[in-house]
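All residue numbers for the sequence shown refer to UniProt numbering, where the first residue is 1 and numbers rise by one.
Any given hint could be a false lead.
To be verified - With a straight-line cut-off of 30 angstroms between C-alpha atoms, the simulated DSS-like cross-links for lysine-lysine are:
#1 Lys-283 / Lys-251
#2 Lys-235 / Lys-162
#3 Lys-162 / Lys-207
#4 Lys-116 / Lys-67
#5 Lys-269 / Lys-231
#6 Lys-221 / Lys-81
#7 Lys-24 / Lys-67
#8 Lys-126 / Lys-24
Source of the hints: derived by calculation from the structure; they are not laboratory data. Predicted, not measured: the structure shown is a model, and the values here were computed from it.
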Amino acid sequence: MELKPKVLIIGAGVAGLTLSIFLKRAGIESVVYEASVENQNSGAGFVLSPNGIRVLESLGVQGEILKRGSRLIHDSTHGLKGEEIMRSTFDTTNSGFDLLSLNRYDLCEVLLSEAKKQGINVIYNKKLIDVTQSYDHVNAHFQDGSFQKGDLLVGADGVHSKTRRITFPEMYLDYTGLYGIQGLAPSNSYYDEMLFEKSISFTDFKKDFYVFVSRTNPKSKNGLLWQALGKKERKYPTNEFEQLDSENIKKRLLQQIEDWENPFVDILKQTTSIHPRSLYTLKNITHWSRDRIVLIGDAIHTTNPILGQGASWSLEDGMYLAKMLSKHSYRDAFYFFEYDRRKRIEFIKEHVGMSIEDLSFSHGGAFETAFNYSIEWEDSKVK
């Protein structure tokens, strides 16, 4: 019988922490290495869909997550002057859960707390610089001069994955012509009432600019989450966009929406934390694994706010890879993980689309496929 492997996980975000917890449940040892400081506030938030919440239910933490988020049942779309253009309902009737607007910090904090409770070692300030492997092991080399030996290595280190750049140099990120900006702002009774179980969207058709606003943690001092999406054929330089501080990004946005007369103008003025990013798709993907190394989450299937599936897919990946490793040799586990997950993700991307014009939850079958997905975890068979 093959011995259970020791797994090195690069990245303590949603995918990496989820994987570590499910591996623990399967009796497989893992250690998580993260380049940043503990639970660094590296993003604003997202909308978690029913398929992602279902994974959290399997972990036993959905109760805490539901307390920290806000349900979304309806959306109303408005124009520049605040006029209502359209109302819609998020159809999750057959999914068991509603959409949930959530701060990224809250999700990572809950997952980290569960990992620590399970005795999983999560080590911070460990920046990966190289990966080497032989026929029977893999080594992770870090910037501080240390290295760690394991049986397998999982790259869960996001869109700009160092693991991927080292192991799959043929893959590359291709700019989509879109940029995203997220922000967190203080809420008040007016916005709490306006956004109760609903989101509000603002659209500037002339400038190809769209903003989605929702409540998140009702107890957070920054309980409003907004997510903006815009078109730009030639991307912003990194030092003039991603590396700008929140105040400078805010000034640029206020200039961009100077002709707006709707509530988002006030929300933006009150915003304290802004996270801009150019959006990319991953090209030249051959396989998701190479020998003893595999990629999960945003490291292998980049997404954007149009799909609203990034966090949920990361949760699914972590659970499914752990399940495959609990049942198979690593070669078969990696094969089945890619075969099963890749078909699902590519189907949804193909049928929903990736442009601003596709911003809608009315894609019927594709979103039903996304929302109603579940992974069975058979504890009695996983020892």
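Any hints this thing doesn't respect? Which numbers, in order?
Hint check: 1, 3 fail, others pass.
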